[in-house]
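*Asks:* Heads up: the sequence shown at position 85 corresponds to 85 in UniProt numbering, and the numbers run straight through without jumps.
Watch out, some of these pointers could steer you wrong.
With beta-carbon atoms standing in for the labels, derived distance ranges [to be verified]: (1) ASP9 with TYR32: 34 to 42 angstroms; (2) VAL44 with GLU104: 41 to 49 angstroms; (3) GLU61 with SER108: 35 to 43 angstroms; (4) SER7 with GLU56: 27 to 35 angstroms.
No wet-lab data here; the hints were simulated from the structure.
Heads up, the beta-carbon is just placed ideally off N, CA and C, and yes, glycines get one too.
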Amino acid sequence: MRPVRVSEDTWAVNLPLPPTRRMPIIDAEQDYGLFVRKALELPVFPDKQTWATFDELISFEDQTKELSEATGKKVVFHQIPSAVFGEGVKTAGTPPHIALAIEEVFTSVGKFDGRSSFSFPL
């Protein structure tokens, strides 16, 4: 999931998603607690609900551009098959049941794209 060096001057982010897929991002330092405040201020407390909270949706293509700008290094995005991604997670020493969960998270990102009833943008 972290960038890997593919040549002397190039790093790659390899994920099982298209580069245009937007990923929900939250700035933990800046936004931490804002969703809690919003929940507490609702007229009816959202008891027993699950929320997906995020600040913005950013495509992997844009994330790699921002990473390049921030680091001064060439960073590219490569879409890889989900099975290859899952095997890579397992090879890194992740227990198989956790590796499967990680693979499922990455392959389901964007199915709701911020439009589902449980998504809660800040």
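*Asks:* Would you mind marking each hint as holding or not holding in the structure?
*Replies:* Hint-by-hint comparison with the structure:
no.	hint	result
1	ASP9 with TYR32: 34 to 42 angstroms	holds (35 angstroms)
2	VAL44 with GLU104: 41 to 49 angstroms	violated (32 angstroms)
3	GLU61 with SER108: 35 to 43 angstroms	violated (19 angstroms)
4	SER7 with GLU56: 27 to 35 angstroms	holds (31 angstroms)
Violated hints, listed in ascending order, are 2, 3; each of the other numbered hints is respected by the structure.
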